[in-house]
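There are 2 protein chains.
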Amino acid sequence: MNFHYPNGRRYIPKQSKGLPTKADKQLSYSNRGMTLEDDLNETNLFYLEQKLAVIHKKPTPVQIVQVDYPKRSAAVIREAYFKQASTTDYNGVYKGKYIDFEAKETRHKTSFPLKNFHEHQIHHMETVLLHGGICFIIIRFSATEEVYLLPANHLIAFWNRMNSGGRKSITKQEIAECSHPIKLGFRPRIDYIKVIDYLYNLTGEKGIQLQ
Amino acid sequence: MNFHYPNGRRYIPKQSKGLPTKADKQLSYSNRGMTLEDDLNETNLFYLEQKLAVIHKKPTPVQIVQVDYPKRSAAVIREAYFKQASTTDYNGVYKGKYIDFEAKETRHKTSFPLKNFHEHQIHHMETVLLHGGICFIIIRFSATEEVYLLPANHLIAFWNRMNSGGRKSITKQEIAECSHPIKLGFRPRIDYIKVIDYLYNLTGEKGIQLQ
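Residue numbers (the UniProt record's numbering), protein chains in the order written: chain A, 1 to 211; chain B, 1 to 211.
Treat each hint with caution, since some may be false.
Chain copies aren't distinguished; within one or between two, either way the pair holds.
Claimed, not checked - When the alpha-carbon atoms are kept at most 30 Å apart in a straight line, the in silico DSSO-like pairs for lysine-lysine are as follows:
{"id": "1", "residue 1": "Lys172", "residue 2": "Lys51"}
{"id": "2", "residue 1": "Lys71", "residue 2": "Lys115"}
{"id": "3", "residue 1": "Lys194", "residue 2": "Lys104"}
{"id": "4", "residue 1": "Lys183", "residue 2": "Lys83"}
{"id": "5", "residue 1": "Lys115", "residue 2": "Lys51"}
{"id": "6", "residue 1": "Lys194", "residue 2": "Lys71"}
Keep in mind that the hints were calculated from the coordinates and are not lab data.
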């Protein structure tokens, strides 16, 4: 819990003027140990509880090879391998529209490397757009804690540029131009629905026509 | 490959008049060893290839406990458990609309037991409907190879009847009244999109307003 003086300044305990205390660390977002995935899961739970949207992360795809069935207890998977996802990680419904996105974070400071995606994920995004779905990526720069929503059509353009021999990443400048910053909050942590409302003109509408 | 005489009768090889041959077995749908899941996966692949819809089965949710990282080879999951799914198995986008469904088969002949579903799946379906998504179940009676599409609002009503002390299953008669039969085909095998077009008046439209 944070205390505030009547003047609105944050209360800083005296001992923290030397080495940072545990309380100081908790004040900083980066030290909370929350990943982008954690934040999005909490955001989606908030949307669900508030009846704003139904968006879930898909389970990690696993190729199961061997399963044991011990007596009187649950089946145990004894050999399995991670499979490459053929789609994006998150999807669901908002105001009747299909929502589909991928979330990635990077430690890079000046650009976002495109190797974070696979060819078939880009292809999936193209297909979703073709069918009138809302598709985007959420990017977090972990060093600066900046979060952006980049519509899939822009990502696809950067991907095609790379495939034509261009650069293998998106510069920070390009992200600033093509994407929308998402301010970090408390509840929800990453309020991407607000950006969707703005981008696709859904404010106050229920299932408005996008095409 | 099946041969047909000019009169349209199916060619039956002579030796098959005794014990059934392998070819005979292949003629029967039930003996193909295809599950409802196989059929739906092929159907969804067909829809994807034909650019009709983007609908995928979600991966089986697994709780991973222990992973080995052998040198020079892929990570091996050594201990994991099946988790109960919190949503339905299939979702995606068709004509801009969010599609969400669960598929179940039963060996019962006269009714469909509601124990095939979990409370939270029913709750998920209610939520999807609330947000303007298209939600239903696909039921197969394996003994008779009949396949039905039952809109989620009916399933929810039967579920509530059970929770109020009513019967724990849906009778075949009720299914005939509330659902839509899906004729089995070759490509696609279970053409449920046709039923959606009909039920939600989407024929010839792209992303038509449902609310």
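Verification of the hints:
1. In this assembly of identical chains, lysine 172 and lysine 51 lie within 30 Å of each other by CA distance neither inside one copy nor across copies; the values are 34 Å within and 34 Å between.
2. Proximity of lysine 71 to lysine 115 under the C-alpha cut-off of 30 Å is restricted to the inter-copy arrangement: shortest distance 23 Å between copies versus 45 Å within a copy.
3. With identical chains, the CA atoms of lysine 194 and lysine 104 are at most 30 Å apart within one copy only, with a shortest distance of 19 Å there and 37 Å across copies.
4. Proximity of lysine 183 and lysine 83 under a CA criterion of 30 Å is satisfied in neither setting, with 33 Å inside one chain copy and 34 Å between copies.
5. Within a single copy, lysine 115 and lysine 51 get their C-alpha atoms only as close as 35 Å, which misses the 30 Å cut-off; across copies the closest is 27 Å, which meets it.
6. Proximity of lysine 194 to lysine 71 under the C-alpha cut-off of 30 Å is found in neither arrangement, the shortest distances being 50 Å within a copy and 45 Å between copies.
Taken one by one, the earlier hints fail for this structure at numbers 1, 4, 6, listed in ascending order.
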